[in-house]
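Enquirer: Spelled out, the chains give:
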Amino acid sequence: MRLFLLALRNLMRNKRRTLLTALAIFIGAAALVVLQGFAKSLLDVMVDIIVLSKSGAIQVHRRDHIGSDNPLKLTMPHDPALVARILSVPGITAVAPQIGFEGVISNGSEAAVLKALAIDPAVEYTVCTKRLTNLTLGSRALGAGQRHEREVLISKPLADSLGAKQGSTLVVQSAGPHAPLNALDLEVVGFLPIRHFSESKRQATVTLSFAQELLSMKGEVTAYIVGVSNLDEVDQIAARLRTALGSDYDVRSWYDLDTRTREATNNYRYALGFVAVVLFVLVAAGCINTMLMSVYERVREIGTMLAVGVRRWQVMLLFLWEAVALGLFGGLGGSAAGYLLVRWLGWRGVTLRPPGGELTIIRPNVGFGFLCAVVGFAVVSTVLAALYPARKAARLRPVDALRAT
Amino acid sequence: MLKGMPFGPLLLPPLLRIAIRNVWRNRRRSLLTVLALFLGIGILVSVRSLLSGLQATLRDEVVLSQTGALQVHRVGFLNSVSFSLELDLPADDVFLAKITAVPGVKVASPRISFPGMANANDTTAFAVFTGIDPRREFEVCPRRAELISVGAMLAQSGPASTILSHDLARLIGVAIGERATLLANDKDGVLNAIDLNYVGMYGQAHMPPPEKKFGFVPLAMAQEVLRMGPRATEIVVAIDKLDDAEKLKPLVQAAVGPTYEVTSWRDVAAFVEDTIAIQNIVLDVLGGIFLLVALLGIANTMFMSVSERIREIGTMMAVGVRRWQILTLFLLEAMLIGVSGALLGAVVGSCWVLYLGSKGMLLRAGIFDKPLHVHPTIGPGYVLSVVALAALGAVLAALLPSLRASRLRPVEALDSL
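Protein chains in written order, with the numbering used here: chain B, 1 to 405; chain G, 406 to 822.
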C-alpha cells in the first residue's frame with residue numbers, strides 16, 4: 001500500500017506527462033465503449049427483428065423436415081399435450097404452431113408462386129410480438145377485430161403485381177401431403193413490408209385453420225415456434241428442449257436458422273477484437289516511452305532507494321504500480337466518458353439504415369460487464385507495457401546509479 | 406557537428422540538420438514514438454486495402470454473376486413480381502444493335518424470366534426459369550460459369566439443354582445427362598411443354614434464400630415454350646468499365662426510348678453501396694482514433710524533449726538564435742518523427758498489400774455460397790493523404806511544447822538545472 005501511494009506521488013510529480021499518457025488510454029477506452037454501444041445495439045435490433053417478427057427464438061420441427069424434398073409429409077401433431085411438454089421446459093415462455101407451405105396465388109387472371117406461412121392468431125403474438133406491428137400502414141393483423149379465417153397478409157410487391165388492394169379477394173392453390181390440388185379464396189387484410197433484399201417478395205401469412213383446410217392437414221402442423229425469457233440463454237434452453245423432446249424432433253435456435261445474422265455477429269466480434277489489439281499496441285508504445293523516461297530521470301533516486309535497503313522487487317513493483325494507476329486513471333475516465341456518450345446517444349436515439357434495409361432507430365447501450373472489461377484491458381495493457389522499463393529500473397546497480405547525473 | 410550520424414554532412418538547411426541531430430540524439434525515445442505511428446499507419450493502410458479489395462470483390466460478385474452493369478426492361482416490369490410476360494421487349498438483332506451502338510457498351514444479352522414446372526420421374530416442382538443466350542450471357546455475367554458446380558454450360562446449339570439449381574434437381578430426382586420436361590404457360594395461358602437435357606447443376610446445397618428452385622434454358626427454347634417470338638423480358642448490358650455505369654445509363658436510355666427503363670447495378674443492388682459506405686465511415690473514424698492516440702505520443706515526447714533541453718534552449722537564445730527559429734526547430738523535430746513513422750508504415754503496409762494483392766486471398770463471406778477471391782488494393786492518393794495527415798497532426802501535436810520552448814526567458818532557462 002505504501003508503495004502504491006509512493007507510485008501515485010511519482011505520477012503527480014510530472015502531471016502533464018501523466019495526463020498525456022492517460023489521455024491516450026482514455027481515448028482508446030472511450031472508443032471501445034462507444035463502438036460496442038453502437039454495434040451491439042445494431043446487432044440487437046437485427047436479432048430482435050428476426051426473433052420477434054419472424055422466427056421466434058427457437059423452432060421445433062419433425063426430424064428431417066428441414067431440407068426434406070417433401071416437407072409437408074413430415075409433420076407434428078397439433079396437440080395440447082405436445083405444447084405442454086414444450087412449455088414445461090424452464091426458460092420457455094410461449095409456444096405457437098405454424099405450417100409453412102408453397103402454392104400459387106392468383107387474382108383470376110394473373111398468378112404467382114407463393115411462400116405461405118400459416119399462424120394461429122390466438123397464440124402467435126405471444127411468441128412473435130412484432131408480427132402484429134410489422135405491417136405496412138393501414139394493415140390489419142390476422143385475427144384482429146372480428147375473427148375470420150379466410151384472411152391473408154401478402155407482401156406489398158406481390159400485392160401490387162396482382163393489383164390487390166385491402167379487401168380484394170385472391171385465390172390460393174396448393175396440394176397437401178395426402179390430398180390433391182385444392183383452391184380456396186381469401187380476403188386481403190393487409191400487407192407485409194419487405195425490409196431486406198434477401199427476403200422473398202413472394203410471402204404471405206394466412207391463418208392456421210385456413211392452411212389446415214386447404215392442405216387437408218387437420219390436426220397437423222409443421223413447426224412450433226418458441227419464445228424464451230432470456231435470449232442470451234437461448235443455447236442452454238434449446239439444449240434442455242432437445243433433451244425433453246427426444247430424437248424425433250429437430251430443435252434449432254434462431255441463429256441456426258439465420259446464418260446471415262450469425263455471420264454478422266461473428267464478424268463484429270472479430271472486428272472489435274482487432275480494434276482492441278491495435279489500440280493496445282498504440283497505447284502500449286506511448287506507455288513504454290513514458291515509463292522509460294521516468295526510469296532515466298530517476299536513476300539517482302533509484303540508486304538511493306537501493307542503497308538504503310529497498311529490495312529490487314519493490315523497485316519493480318513501484319513502477320508497475322505506477323502503470324496500474326495510469327491504466328486505471330485512463331481506463332476509468334475513458335469508460336465513464338464513453339458510457340456517458342453512449343447513454344446520451346441512447347436517450348436521443350440514432351437513426352440509421354442497415355444495408356439494404358429500412359431506416360431504423362437504434363438506442364446504443366452498453367453493459368456494466370463490458371465497461372469493467374475495458375478498464376481491466378487498459379490496466380493489463382499498461383502493466384505489460386511497463387514490464388520492460390520496470391525491470392530495467394530494478395536491475396540498476398546502486399553504485400553506478402548513484403554516480404549517474 | 407554531424408559526427409556519429411549515419412547521414413553524413415548533407416547539404417541541408419542548418420535548422421533541419423540540428424533537428425535531425427536532436428531526433429537522433431535520443432534514439433530509443435524517437436524510435437518508440439516512430440514505432441507507434443508506424444504501427445498505426447501500417448495497420449490502417451493494410452485494413453483499408455483489404456477492405457477495398459473486399460468491396461471490389463463484393464461488387465464484382467453481384468455485378469458479374471447476377472445483375473450485369475446495366476439492365477433494360479419495359480417500364481413497369483421492375484415493380485411487378487408475377488413475371489408478367491406482357492411487359493416484354495424486343496430481343497431481335499436490330500434492337501440489340503441500338504444498345505451496342507452506344508460507345509462503351511460491350512454486349513447486350515436478352516433474358517426471359519418465367520415461372521414454370523420441371524417434371525421428371527413423375528415428380529413435378531414449381532420453379533423460376535431464366536432463358537439466356539449462352540454465349541452472350543457469359544460475356545455479361547462471366548462469374549455465372551463459376552457457379553455451375555457439376556456438369557457443363559448450356560450448349561449454344563444442338564439439342565435443348567438446361568441447368569438446374571441443386572435443390573430443384575434433387576427435388577425432381579434427375580442426374581446429369583438425364584432428361585427433364587419443362588412446362589410453362591404462354592401469354593395466352595396455354596400450357597406448353599418441352600423436353601430438355603439436364604447438363605449442369607447450379608450452385609450447391611444450402612444456397613442462401615430467397616429462391617432455391619430455379620433453372621436456366623437457352624433463350625430460343627424459352628421463346629419457343631412461351632410462344633414469344635424474338636422477344637425477351639430483360640436485356641442485360643455489359644460495359645467496358647464498370648465505373649462508367651452511371652454515365653452510360655442515360656445514353657442507353659436515349660438509345661432505347663421512353664417505353665423502356667434503364668437501370669444500373671447500383672439501382673438493383675443498392676445494398677452493396679450501402680454496405681460499402683458504412684464500412685468506409687467506420688474505418689475512417691477508427692483510423693482517426695488510431696492516429697490521435699499515436700499523435701498523443703508525439704506530444705508527450707516533445708514535452709519531455711523540451712524540459713530536458715531547457716538549458717540548451719537558453720544557450721541558443723543567449724547566442725542570438727531567434728525565437729521563431731526555436732519554434733521551427735521543435736516543429737521540425739516533431740515533423741521528422743511524424744513523417745518517418747508514417748512513411749515507414751505506409752511503405753511497409755503498401756508492400757505487404759502489393760504482395761497480398763498479387764497473390765490474392767480466399768475469404769468466406771456470409772451471403773455468398775462460395776469463398777471469395779480478394780485482391781487487396783490501395784491507391785497512392787490514400788497513402789499520400791494518410792502520410793500528409795500524420796505530418797500535419799505531428800506538427801499540431803508539437804505546437805504546445807514548441808511554443809513553450811520558444812517563449813522561455815534565456816536568463817531563467819540558463820539558471821535551471
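Any given hint could be a false lead.
With a straight-line Cα cutoff of 25 Å, these simulated PhoX-like cross-link-like pairs (lysine-lysine) come out [what the hints assert, rightly or not]:
{"#": "1", "chain 1": "B", "residue 1": "K218", "chain 2": "B", "residue 2": "K201"}
{"#": "2", "chain 1": "G", "residue 1": "K652", "chain 2": "B", "residue 2": "K201"}
{"#": "3", "chain 1": "G", "residue 1": "K503", "chain 2": "G", "residue 2": "K617"}
{"#": "4", "chain 1": "B", "residue 1": "K115", "chain 2": "B", "residue 2": "K73"}
{"#": "5", "chain 1": "B", "residue 1": "K392", "chain 2": "B", "residue 2": "K165"}
{"#": "6", "chain 1": "G", "residue 1": "K511", "chain 2": "B", "residue 2": "K115"}
{"#": "7", "chain 1": "G", "residue 1": "K592", "chain 2": "B", "residue 2": "K115"}
{"#": "8", "chain 1": "B", "residue 1": "K201", "chain 2": "B", "residue 2": "K115"}
{"#": "9", "chain 1": "B", "residue 1": "K165", "chain 2": "B", "residue 2": "K73"}
{"#": "10", "chain 1": "B", "residue 1": "K165", "chain 2": "B", "residue 2": "K115"}
{"#": "11", "chain 1": "G", "residue 1": "K503", "chain 2": "G", "residue 2": "K654"}
{"#": "12", "chain 1": "B", "residue 1": "K73", "chain 2": "G", "residue 2": "K592"}
{"#": "13", "chain 1": "B", "residue 1": "K156", "chain 2": "B", "residue 2": "K218"}
{"#": "14", "chain 1": "G", "residue 1": "K654", "chain 2": "B", "residue 2": "K54"}
{"#": "15", "chain 1": "G", "residue 1": "K652", "chain 2": "B", "residue 2": "K156"}
{"#": "16", "chain 1": "B", "residue 1": "K15", "chain 2": "B", "residue 2": "K54"}
{"#": "17", "chain 1": "G", "residue 1": "K654", "chain 2": "G", "residue 2": "K511"}
{"#": "18", "chain 1": "G", "residue 1": "K511", "chain 2": "B", "residue 2": "K201"}
{"#": "19", "chain 1": "B", "residue 1": "K218", "chain 2": "B", "residue 2": "K115"}
{"#": "20", "chain 1": "B", "residue 1": "K15", "chain 2": "B", "residue 2": "K392"}
{"#": "21", "chain 1": "B", "residue 1": "K73", "chain 2": "B", "residue 2": "K130"}
Just so you know, the hints here were simulated from the structure itself, not pulled from any lab data. It should be emphasised that the depicted structure is a prediction, and the values quoted were computed from it without experimental measurement.
Enquirer: Look at each hint and say if it fits the structure.
Expert: Do the hints match the structure? See the list:
1. Using a Cα cut-off of 25 Å, the hinted pair K218/B and K201/B is violated, with the two alpha carbons roughly 28 Å apart.
2. Among the hinted pairs, K652/G with K201/B is inconsistent with the structure: their alpha-carbon atoms are about 30 Å apart, more than 25 Å.
3. Using a Cα cut-off of 25 Å, the hinted pair K503/G and K617/G is violated, with the two alpha carbons roughly 35 Å apart.
4. Proposed proximity of K115/B and K73/B is supported: the alpha carbons are some 17 Å apart, at most 25 Å.
5. Our distance criterion of 25 Å between C-alpha atoms is broken by K392/B and K165/B, whose separation comes to about 80 Å.
6. A C-alpha spacing of about 38 Å is found between K511/G and K115/B, which places the hinted pair above 25 Å, so the restraint is violated.
7. With a C-alpha separation of about 24 Å, the suggested pairing of K592/G with K115/B holds against the 25 Å cut-off.
8. Between K201/B and K115/B the CA atoms are separated by roughly 9 Å; this keeps the pair inside 25 Å, and the hint holds.
9. Between K165/B and K73/B, the direct Cα distance comes to roughly 34 Å. Violation of the 25 Å bound is thereby established for this hinted pair.
10. Taking the CA atoms of K165/B and K115/B, the gap is near 19 Å; set against the 25 Å cutoff, the hint holds.
11. Restraint check for K503/G and K654/G: satisfied, since their Cα atoms lie roughly 14 Å apart, inside the 25 Å limit.
12. Straight-line distance between C-alpha atoms of K73/B and K592/G comes to about 34 Å, which puts the hinted pair past the 25 Å bound.
13. About 30 Å separates the Cα atoms of K156/B and K218/B, which puts this hinted pair outside 25 Å; it is violated.
14. Among the hinted pairs, K654/G with K54/B is inconsistent with the structure: their alpha-carbon atoms are about 38 Å apart, more than 25 Å.
15. The suggested pairing of K652/G with K156/B is violated, with an alpha-carbon distance near 32 Å, which exceeds 25 Å.
16. With a C-alpha separation of about 56 Å, the suggested pair K15/B and K54/B falls outside the 25 Å cut-off, and the hint is violated.
17. The straight-line distance between the Cα atoms of K654/G and K511/G is roughly 14 Å, inside the 25 Å bound, and the hint therefore holds.
18. The hinted pair formed by K511/G and K201/B fails the criterion: a straight-line CA distance of about 32 Å is larger than 25 Å.
19. Our distance criterion of 25 Å between C-alpha atoms is met by K218/B and K115/B, whose separation comes to about 20 Å.
20. At roughly 23 Å between alpha-carbon atoms, K15/B and K392/B fall within 25 Å of each other, so this suggested pair holds.
21. Of the pairs offered as hints, the one joining K73/B and K130/B is violated, with about 30 Å between alpha carbons and a cut-off of 25 Å exceeded.
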